[in-house]
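Visitor: One-letter residues, chain by chain:
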Amino acid sequence: MRSRPSNSEPEHRRTVPPPVAAPAEDENWSLIVRRCLDGDSHAWAELVRAHHRRIYCICYRFTGSPQDAEDLTQEVFLRIYGNLASFDLVRGSFKTWATTLTRNLLVDHFRRTKQQRVTDSIDAGWDGVDELPVSDRIADNRPSPHDRAAGRELQKMVQQALAKVSPELREAVILRDLQDMDYKEIAQVLRIPEGTVKSRISRGRAELARLLEKNRGQVV
Amino acid sequence: MLADALDGTLPATDSVAFESHGRNCVACGEILKHAREGREWLAFLHEEPEVPSDLQARILARTTGLGRPVAMGIPAPMHPAPVMHLGAFANQRAYLNARLLMTAAMAFFSIGITLNLAGVKLTQLRLADLRPSSMQANLSRQFYGTKGQIVRYYDNLRVIYEVEARVRELRRDSEATPQSEPAPKQEKANPDGRARKNGSRMHTPEGALAGPPVLARKDQETKPSWWSASAAALAICKIGAIKGGLL
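Heads up: the sequence lines are chains A and B, in that order. Going by the working numbering, 121 is the number at position 121 of the first sequence; the sequence numbering is gapless. Going by the working numbering, 16 is the number at position 16 of the second sequence; the sequence numbering is gapless.
Honestly, the hints are just simulated from the structure, not real lab data. In this text the structure is predicted, and so the values were computed from the model without any measurement. Any given hint could be a false lead.
Stretch-level coverage of chain A by chain B, calculated; a stretch enters the list once three of its residues show a Cβ under 8 Å from a Cβ in chain B [said to hold, decoys possible]: (1) 47–54; (2) 72–79; (3) 149–162.
In silico lysine-lysine, BS3-like type, Cα no more than 30 Å apart, as pairs [what the hints assert, rightly or not]: (4) A:Lys164 x A:Lys114; (5) B:Lys33 x A:Lys214; (6) A:Lys95 x A:Lys114; (7) B:Lys33 x A:Lys156; (8) A:Lys95 x A:Lys156; (9) A:Lys214 x A:Lys164; (10) B:Lys33 x A:Lys164; (11) A:Lys164 x A:Lys95; (12) B:Lys33 x A:Lys184; (13) A:Lys114 x A:Lys214; (14) A:Lys164 x A:Lys184; (15) A:Lys214 x A:Lys156.
Pair ranges (Cβ atoms, derived) [unchecked claim]: (16) B:Arg131 x A:Arg191: 58 to 68 Å; (17) A:Ala85 x B:Leu101: 25 to 35 Å; (18) B:Asn24 x A:Leu31: 49 to 59 Å; (19) A:Gly151 x B:Pro52: 16 to 26 Å; (20) B:Pro52 x A:Asp180: 19 to 29 Å; (21) A:Ala85 x B:Asn24: 51 to 61 Å; (22) B:Phe109 x A:Val90: 46 to 56 Å; (23) B:Thr114 x A:Val90: 46 to 56 Å.
Heads up, the beta-carbon is just placed ideally off N, CA and C, and yes, glycines get one too.
Generate the whole structure from the sequences, applying the supplied hints.
Guide: Given below as structure tokens:
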């Protein structure tokens with residue numbers, strides 16, 4: 001029976017790119033932005049191609065909804081497109097700047113949809129129509145705990161729990177644990193001190209674990 | 001310190017002290033346990049979610065209007081790249097905004113009406129008409145012309161009302177003379193002034209409150225008979241003058 005992941009790092013964890021962008025890469029993006037401003041549509045296409053997956057990933061992990069993530073990603077790029085002239089490499093890398101715009105948009109979206117979420121039941125998010133019952137997901141009868149299907153189910157469960165973590169903790173956790181940004185970059189994006197960033201990340205992780213433990217306790 | 005401990009970036013001495021404290025302190029031990037577990041749970045989300053295949057094309061379509069996906073390794077087209085002016089998209093959206101179009105239409109009509117009221121005809125506009133002195137003279141002419149028309153209109157109305165009042169007066173005079181005679185007969189038919197069926201109702205003698213107007217009687221007494229004829233003639237002359245446009 002597998003109730004939580006093993007302490008060892010998963011295999012795909014090692015394939016994540018290094019957290020901090022090299023200065024040369026920042027310079028490169030700065031040049032591409034300049035080309036965009038000069039009217040080069042291919043530079044803009046290159047910029048969209050390189051960043052749209054990362055932006056979509058942040059939006060999806062924050063909202064938990066593919067439709068919302070898609071709409072928000074498009075909105076983010078519209079905002080980037082409209083404000084590209086205000087990008088300044090001295091104030092931070094393009095990645096940090098784009099992430100800041102994404103985060104601001106996510107906060108706006110969170111405030112807009114607050115009333116809608118209040119009406120939802122606390123446990124409504126766990127009742128997936130095409131999913132297995134939670135007891136089946138937790139008490140995994142399949143031979144290997146590392147089975148791919150079980151991994152997908154657990155992934156859904158964790159994603160749903162993450163969507164319930166308070167937003168200021170959730171954004172810090174996503175940027176650190178899922179986007180592998182360093183504390184300095186996160187502090188720039190969230191405009192808070194590094195110490196607060198670390199505190200929020202720890203609290204966010206703990207809240208997520210408590211939510212998952214509570215849910216498991218209710219079912220089992 | 002907790003985040004650094006989980007990252008493994010704490011110095012060796014601090015790490016030992018931290019672990020020791022975590023084992024002895026219940027509250028801190030609980031937080032450390034949950035934070036570690038939460039980090040492990042999050043490892044399940046490291047896999048990138050499936051991105052819609054047409055997302056990139058849709059972003060490009062919404063921004064530059066090109067809408068064709070640019071994949072890695074595909075060479076650039078031979079023809080020169082279309083020049084994209086950043087901000088042009090926002091401008092295009094703004095101009096296409098229905099609200100702006102309505103505002104522009106309202107401004108156009110307002111200017112048109114103002115020019116029309118000021119007597120400015122764009123087809124007959126000359127450069128000399130745009131001089132301040134010409135514009136002032138034109139406006140003064142328009143103003144006094146309009147004022148004159150209004151004054152004439154109300155003068156004509158006054159004359160018409162006077163004539164109508166006089167005609168009514170004459171008609172009343174002519175009707176009052178035969179009606180004043182049968183009053184004693186009515187008085188004779190009901191001399192006590194009471195109602196026949198309902199004794200509680202009080203009736204005044206006919207002619208005490210109603211009857212020919214006092215002024216008419218006075219006029220009849222003071223003015224000679226030829227006066228009525230001359231007044232009617234005067235009224236007819238005035239009406240004729242109004243119709244002829246003399247007044």
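Visitor: Now look at each hint and say whether the structure bears it out.
Guide: Hint by hint, here is what the structure shows:
1. Against chain B, the region 47–54 of chain A contributes 4 residues with a C-beta closer than 8 Å to a partner C-beta. That satisfies the three-residue criterion, and the hint holds.
2. Judged by the Cβ-Cβ criterion of 8 Å, the region 72–79 of chain A is covered by chain B as claimed, because 4 of its residues qualify and three suffice.
3. Coverage of the region 149–162 of chain A by chain B holds in this model, with 7 residues showing a Cβ closer than 8 Å to a Cβ of that chain against a need of three.
4. For the suggested pair A:Lys164 and A:Lys114, the alpha carbons sit about 12 Å apart, so the restraint of at most 30 Å is met.
5. Annotation: proposed proximity of B:Lys33 to A:Lys214 holds, straight-line Cα distance about 15 Å (limit 30 Å).
6. Of the supplied pair hints, the one linking A:Lys95 and A:Lys114 holds, its CA atoms being roughly 28 Å apart against a limit of 30 Å.
7. For the hint pairing B:Lys33 with A:Lys156, the CA-to-CA distance comes to about 23 Å; that is within 30 Å, so the pair holds.
8. For the proposed pair A:Lys95 and A:Lys156, the alpha carbon gap of about 27 Å is at most 30 Å, so the pair holds.
9. Restraint check for A:Lys214 and A:Lys164: satisfied, since their Cα atoms lie roughly 12 Å apart, inside the 30 Å limit.
10. Using a Cα cut-off of 30 Å, the hinted pair B:Lys33 and A:Lys164 holds, with the two alpha carbons roughly 20 Å apart.
11. Restraint check for A:Lys164 and A:Lys95: the C-alpha separation of about 27 Å stays at or below 30 Å, so the hint holds.
12. Only pairs whose Cα atoms come within 30 Å are accepted, and B:Lys33 paired with A:Lys184 is accepted, the gap being roughly 25 Å.
13. About 23 Å separates the Cα atoms of A:Lys114 and A:Lys214, which keeps this hinted pair within 30 Å; it holds.
14. About 26 Å separates the Cα atoms of A:Lys164 and A:Lys184, which keeps this hinted pair within 30 Å; it holds.
15. Distance restraint check for A:Lys214 and A:Lys156: the Cα-Cα separation of roughly 16 Å lies within the 30 Å cut-off, and the hinted pair is therefore satisfied.
16. Distance hint for B:Arg131 and A:Arg191: a CB-CB separation of about 60 Å, consistent with the stated range 58 to 68 Å.
17. The hint said 25 to 35 Å for the Cβ distance between A:Ala85 and B:Leu101, and at roughly 27 Å that hint holds.
18. Against the hinted window of 49 to 59 Å, the Cβ-Cβ separation of B:Asn24 and A:Leu31 comes to about 55 Å, which satisfies the hint.
19. As the Cβ distance of A:Gly151 to B:Pro52 is approximately 22 Å, the hint placing it in 16 to 26 Å holds.
20. Judged by the Cβ atoms, the range 19 to 29 Å given for B:Pro52 and A:Asp180 holds: they are separated by roughly 23 Å.
21. Distance hint check for A:Ala85 and B:Asn24: the Cβ-Cβ separation is about 57 Å, which falls inside the suggested range of 51 to 61 Å.
22. Distance hint check for B:Phe109 and A:Val90: the Cβ-Cβ separation is about 50 Å, which falls inside the suggested range of 46 to 56 Å.
23. Roughly 52 Å separates the CB atoms of B:Thr114 and A:Val90, a value that falls within the hinted 46 to 56 Å.
Against the hints set out earlier in the document, no violation occurs for any number.
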